[in-house]
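**Q** Sequence:
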Amino acid sequence: LWAPTEELSRIAMSVFITMLFGFSFSHYLTEQHQELRRLANLDPLTGIGNRRALQRALAESVESSIRYACTASLLVIDLDHFKKVNDAVGHVEGDRVLCKVVELLRCRIRQTDRVFRYGGEEFVVVAPHTTLANATRMAEQLRRHIAALKTRSDGPISVSIGVTELIAGESVDDWMERGDRALYRAKKTGRN
Numbered sequence: 002l003w004a005p006t007e008e009l010s011r012i013a014m015s016v017f018i019t020m021l022f023g024f025s026f027s028h029y030l031t032e033q034h035q036e037l038r039r040l041a042n043l044d045p046l047t048g049i050g051n052r053r054a055l056q057r058a059l060a061e062s063v064e065s066s067i068r069y070a071c072t073a074s075l076l077v078i079d080l081d082h083f084k085k086v087n088d089a090v091g092h093v094e095g096d097r098v099l100c101k102v103v104e105l106l107r108c109r110i111r112q113t114d115r116v117f118r119y120g121g122e123e124f125v126v127v128a129p130h131t132t133l134a135n136a137t138r139m140a141e142q143l144r145r146h147i148a149a150l151k152t153r154s155d156g157p158i159s160v161s162i163g164v165t166e167l168i169a170g171e172s173v174d175d176w177m178e179r180g181d182r183a184l185y186r187a188k189k190t191g192r193n
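Take the position in the sequence shown, starting the count at 1, then add 1; the result is the number in the working numbering.
Hint data in this document are derived by calculation from the structure and do not stem from the laboratory. Where is the CB? At the ideal position from N, CA and C, for every residue including glycine. Take every hint as true, because none was put in to throw you off.
Computed beta-carbon distance windows for the label pairs:
#1 Pro45 <-> Gln112: 19 to 25 Å
#2 Ser27 <-> Ser65: 34 to 40 Å
#3 Leu37 <-> Lys85: 34 to 40 Å
#4 Cys71 <-> Ala149: 29 to 35 Å
#5 Ser27 <-> Glu141: 49 to 55 Å
#6 Lys188 <-> Gly23: 54 to 60 Å
#7 Tyr69 <-> Lys188: 32 to 38 Å
#8 Ala149 <-> Phe22: 53 to 59 Å
#9 Leu46 <-> Ala169: 32 to 38 Å
#10 Thr31 <-> Ala148: 41 to 47 Å
#11 Arg138 <-> Glu94: 27 to 33 Å
Listed next, the in silico DMTMM-like pairs over lysine to aspartate or glutamate satisfying Cα-Cα at most 25 Å (straight line):
#12 Lys189 <-> Asp81
#13 Lys189 <-> Asp155
#14 Lys189 <-> Asp175
#15 Lys151 <-> Asp88
#16 Lys101 <-> Asp88
#17 Lys84 <-> Glu178
#18 Lys84 <-> Asp155
#19 Lys101 <-> Glu123
#20 Lys188 <-> Glu141
#21 Lys189 <-> Glu166
#22 Lys84 <-> Asp181
#23 Lys84 <-> Glu141
#24 Lys85 <-> Glu141
#25 Lys85 <-> Glu104
#26 Lys101 <-> Asp155
#27 Lys85 <-> Glu123
#28 Lys84 <-> Asp96
#29 Lys85 <-> Asp96
#30 Lys84 <-> Asp44
Please model the complete structure; the sequences and the hints are all you need to start from.
**A** This is how it looks when you write it as structure tokens:
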């Protein structure tokens with residue numbers, strides 16, 4: 002042996018403590034990285050997926066369509082005249098309305114469907130394995146339930162919804178653009 006036993010035990014203890022700290026620090030960094038990744042994909046107000054998460058979900062749907070020839074639909078939802086709600090009852094109450102709408106959407110869609118916040122008062126529901134006819138029925142049910150929400154605003158909350166089914170070979174951007182156009186048609190033809 003090149004060193005006395007007492008010296009070797011100190012070296013071994015130092016190595017053990019260094020490894021323990023290294024493992025603890027590595028574990029802590031891994032947890033922090035996972036939390037940051039989760040937060041980077043969530044809308045801070047509503048707790049649902051944000052645009053980044055939406056893009057990933059749309060890409061997954063397009064990939065499933067190519068690989069497995071399965072269909073998917075999306076609903077682009079916009080709260081009608083939401084600025085009036087904020088002006089009438091304030092932004093804090095407006096935020097509560099947004100959260101209530103999200104809670105309703107989460108309760109009324111299937112477990113396989115996902116809801117995302119697309120913009121200020123715009124949301125997108127991605128509904129895999131759903132035809133245009135079924136997505137249109139879902140949109141109408143959601144519209145009715147949202148109109149029945151009780152809020153502190155002066156009148157009922159109404160939404161306009163654009164519904165599109167994924168066309169084989171279509172890109173994420175093309176699919177989303179068709180959803181936006183359908184939403185604007187709903188707005189131009191009377192909203193709600």
